[in-house]
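Okay, here's what each chain looks like letter by letter:
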Amino acid sequence: MTTAPVLAVDHVRKIYAGGDRRVEAVRDLHFEVTAGELVCVVGPSGAGKTTLLRCIAGLLDVTGGEVRFEGAPIDGPPRGMAVVFQEYGRSLFPWMTVRANVELPLKEKRVPRERRAVLVRDALATVGLDDVHDAYPWQLSGGMQQRVAIARAVAYGPHVLLMDEPFAAVDAQTRADLEDLVRALWSRLGVTVLFVTHDIDEAVYLGQRVLVLSNSPTVVLEDVAVDLPAARDQLSTRALPRFAELRAHVYGLVQQAKRGARTVMADPTAIGRPNVYEGRTT
Amino acid sequence: MNPALRRGLTGLGVFVAVLEVFPRTDVVGRGYLPPFSSIVSALGRQVGEPAFWSALLDTLRGWSAGLGIAAVAGLVLGVAIGVVPPLRSLTASTIEFLRPIPSVALIPLAVLLYGTGMRSTVLLIVYASFWQVLVQVLDGVRDVDPVAAETARSYRFGLRTRIRTVVWPTALPYVLTGLRLAATVALVLAITGELVIGSPGLGRQIALAQSAGAVETMYALVVVAGLLGVAVNLSIRAVERRTLRWHVSVRREAAA
Amino acid sequence: MRLLRSTLTAAALPVALVTAWWLISRGSQSFFWPPLSDIVAELRPTWLGERLRADVVPSLLRLATGYALALAAGILAGLAIGLSARLRQYCEPVLEFCRSIPPPVLIPIIMLFAGIGDQMKVIVIVSGCVWPVLLNTAEGARAIDEVLRDTARVYRLRPAARFRHLLLRGASPHIVTGARQALSIAIILMVISEMFAASNGLGFATVQFQRSFAIPQMWSGILLLGVIGVTLALAFKLVENRVLAWYFGLRRHQ
Numbered sequence: 004m005t006t007a008p009v010l011a012v013d014h015v016r017k018i019y020a021g022g023d024r025r026v027e028a029v030r031d032l033h034f035e036v037t038a039g040e041l042v043c044v045v046g047p048s049g050a051g052k053t054t055l056l057r058c059i060a061g062l063l064d065v066t067g068g069e070v071r072f073e074g075a076p077i078d079g080p081p082r083g084m085a086v087v088f089q090e091y092g093r094s095l096f097p098w099m100t101v102r103a104n105v106e107l108p109l110k111e112k113r114v115p116r117e118r119r120a121v122l123v124r125d126a127l128a129t130v131g132l133d134d135v136h137d138a139y140p141w142q143l144s145g146g147m148q149q150r151v152a153i154a155r156a157v158a159y160g161p162h163v164l165l166m167d168e169p170f171a172a173v174d175a176q177t178r179a180d181l182e183d184l185v186r187a188l189w190s191r192l193g194v195t196v197l198f199v200t201h202d203i204d205e206a207v208y209l210g211q212r213v214l215v216l217s218n219s220p221t222v223v224l225e226d227v228a229v230d231l232p233a234a235r236d237q238l239s240t241r242a243l244p245r246f247a248e249l250r251a252h253v254y255g256l257v258q259q260a261k262r263g264a265r266t267v268m269a270d271p272t273a274i275g276r277p278n279v280y281e282g283r284t285t
Numbered sequence: 478m479n480p481a482l483r484r485g486l487t488g489l490g491v492f493v494a495v496l497e498v499f500p501r502t503d504v505v506g507r508g509y510l511p512p513f514s515s516i517v518s519a520l521g522r523q524v525g526e527p528a529f530w531s532a533l534l535d536t537l538r539g540w541s542a543g544l545g546i547a548a549v550a551g552l553v554l555g556v557a558i559g560v561v562p563p564l565r566s567l568t569a570s571t572i573e574f575l576r577p578i579p580s581v582a583l584i585p586l587a588v589l590l591y592g593t594g595m596r597s598t599v600l601l602i603v604y605a606s607f608w609q610v611l612v613q614v615l616d617g618v619r620d621v622d623p624v625a626a627e628t629a630r631s632y633r634f635g636l637r638t639r640i641r642t643v644v645w646p647t648a649l650p651y652v653l654t655g656l657r658l659a660a661t662v663a664l665v666l667a668i669t670g671e672l673v674i675g676s677p678g679l680g681r682q683i684a685l686a687q688s689a690g691a692v693e694t695m696y697a698l699v700v701v702a703g704l705l706g707v708a709v710n711l712s713i714r715a716v717e718r719r720t721l722r723w724h725v726s727v728r729r730e731a732a733a
Numbered sequence: 038m039r040l041l042r043s044t045l046t047a048a049a050l051p052v053a054l055v056t057a058w059w060l061i062s063r064g065s066q067s068f069f070w071p072p073l074s075d076i077v078a079e080l081r082p083t084w085l086g087e088r089l090r091a092d093v094v095p096s097l098l099r100l101a102t103g104y105a106l107a108l109a110a111g112i113l114a115g116l117a118i119g120l121s122a123r124l125r126q127y128c129e130p131v132l133e134f135c136r137s138i139p140p141p142v143l144i145p146i147i148m149l150f151a152g153i154g155d156q157m158k159v160i161v162i163v164s165g166c167v168w169p170v171l172l173n174t175a176e177g178a179r180a181i182d183e184v185l186r187d188t189a190r191v192y193r194l195r196p197a198a199r200f201r202h203l204l205l206r207g208a209s210p211h212i213v214t215g216a217r218q219a220l221s222i223a224i225i226l227m228v229i230s231e232m233f234a235a236s237n238g239l240g241f242a243t244v245q246f247q248r249s250f251a252i253p254q255m256w257s258g259i260l261l262l263g264v265i266g267v268t269l270a271l272a273f274k275l276v277e278n279r280v281l282a283w284y285f286g287l288r289r290h291q
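Taken in order, these protein sequences are the chains called A, B and C.
Residue numbers for the first sequence follow the numbering used here, beginning at 4 and rising by one.
Residue numbers for the second sequence follow the numbering used here, beginning at 478 and rising by one.
Residue numbers for the third sequence follow the numbering used here, beginning at 38 and rising by one.
Simulated from the structure, these hints should not be mistaken for lab results.
Check before you lean on any hint, since a few could be wrong.
[Unchecked claim] Some chain B residues close to chain C (C-beta under 8 Å, calculated; not the full set):
(1) S531
(2) S712
(3) A715
[Stated by the list, open to error] Reference listing, derived: stretches of chain C covered by chain B, where coverage requires no fewer than 3 residues with Cβ under 8 Å from a Cβ of chain B:
(4) 141-150
(5) 176-189
(6) 279-289
[Said to hold, decoys possible] Computed far set for chain A versus chain C, every beta-carbon distance over 12 Å:
(7) G67
(8) G131
(9) L143
(10) R191
The beta carbon of each residue, even a glycine, is placed where N, CA and C say it ideally should be.
Just chain A, with the same shape it has in the complex (with noise of 0.2 Å):
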């Protein structure tokens, strides 16, 4: 069975030019996203992820090559498409309700409103925020506002969904829960989530592939294949010999990228060859 992908990273190329600067950010970045899946990227500090997630959102526009969802180059934000960001504090209207905010973005998309009213209530339910649809986002923990921007993503109906490091200023306890949040809210929405974090051991948890990034100008050093069991626990898969393997071959490929490696020797996943993904995707 061979799926079209839904997102195509066709070797983007980034250069911020400034002034008579150039720096050159990502260099060559090549790989597909299936329809369905849920792909973490990891990769060091400064290694150009929020760069490349913002040129899929298409918030950002690519100066080599080309970004395709659903088969569309990507020009501008595209229909289908959501973004929890890192700063939940200010990626949600602070002069606007909770239920507003999640609101919002349907209202715009002229969903009727008996429909919006439904979709905000489930979508809140699902993240676990019942009793807050009137409260102003300020008036919640971190954690908690991060559960609103997810439900507003969620609300939106997107097909693929994008997440840049949204975990990153939250605390470890309530981190894990929203971990476990994501991995619930894919299996069950059936959503593409493209997931970019800097920590090594939620890629593994969350992913079902893990793409290594080298340091910039950006490349991909390795495409890893998780293959741990669908069902995971916080205790008992991060407790799997194979966890701990994984997170180790990660960790070693994250290491070679911040001493500034390009491509992994004696491994077949280099970078710049697509019928590696060709290969792949059955």
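Assemble chains B and C onto chain A, guided by the hints.
Using the frame of chain A, we list chains B and C on its own:
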């Protein structure tokens, strides 16, 4: 030349060009808006006249006298009220009431008391700019770090030492903000007084030019008033930067 | 109990001052300083009769019209300038000059175009008030959070919603600051445009009283202008507390 400066000058150039070309079309008559070049030549003629300079000097004199009185009064009262908390809460509502009273409402009274002399205008200036200074000084004194205040108290600093070492350095940026606001307001009121009451100064020259139908001279004097405003703004900002070199808000601005 | 005490503290000095004025001026024979009782007694017959329709209401209508137009123009232009760094660089020196012109000098110029009627006064108020609104709004538009802008793009907010829910609300703390400055300028310009050239209005009438040495009436005019200034400042505070409730809440939580 950096692009921001180039664009700014371009904008200014376009503005001047519009002022030059627009009056020559049929849209507005020259009697309403003379071309920029004839405003400039009118300005040139003004510069040659002693009346212009004495008017400019009168305006500056009224402005600085009013601002000076308001600044001293605002500072003294602000610190006095600020360091005594009961006094502060007692006067808060009165200040809130008196501040929004439009100073120009006092024009008839000023004319009655002082006629059309400069003192009328100075009265308006003092009333309007006093509140700007007072309110800022009060905010500044309130902003004093409680730990520093406690420390000063525990070492049994006298009131004067306390004001000099603890209150003043904290309040200084606020004082300067108050002075900056007051300087602008004072200029507005100086020109207003001259224009409406007829006390000597640029404002009266503008009114005279208007009633004599000397449109070009009137525009030239308005441009001078604008340049005076720019000069006041720039020089106060320079003073602020110089005095507060050590202060965080300025350092942050410099870093940005 | 606490509330009672703070009310007493707030009321004490104003009551004391007014009482002092009342007592000291009682039986005053001075021509310029009539008894406060006379001034207050003049308020009703002077301003609430024929003059209410002829002077007070026209003044307030001109004020309201000019202020509203200045707000609308200042906010729109300010947003445009705040959102485009390039446009801002082009406009900056011209704006710096325009806002430095003391607004009252515009009165003789605008009289050339618009005579001395209502139109002139409204234009004077607009051209004096628009600058603080414009410059503060531009500052506010610049200060709108980047992540919030990205969010609005990602969820494909249409222009109307972007304007209402992102730009206007995001810049509102700055807009309010500008609007507050503009309000006091508007009152000043209302009064002096009427003093300078008019056939009716509060400022005109008060100056007429002074010129005809109707001193208690003149004082009642000053008092009324003061009351209007204070009332508008209070009303502004109420609106501000409503419009910026989220902002004050946010700041308290930080």
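These are the hints, each one checked on the structure:
1. S531: Cβ of S531 of chain B sits 18 Å from chain C, so the hint is violated.
2. S712: violated, 12 Å
3. A715: violated, 15 Å
4. 141-150: Per the Cβ count (9), the hint holds.
5. 176-189: violated (count 0)
6. 279-289: Answer violated; 0 residues pass the 8 Å Cβ test.
7. G67: Given a closest Cβ separation of 22 Å, the condition holds.
8. G131: At roughly 22 Å from the nearest Cβ of chain C, G131 of chain A sits farther out than 12 Å, so the non-interface label holds.
9. L143: Label violated. Min Cβ-Cβ 10 Å, cutoff 12 Å.
10. R191: holds, 22 Å
Taken one by one, the earlier hints fail for this structure at numbers 1, 2, 3, 5, 6 and 9, listed in ascending order.
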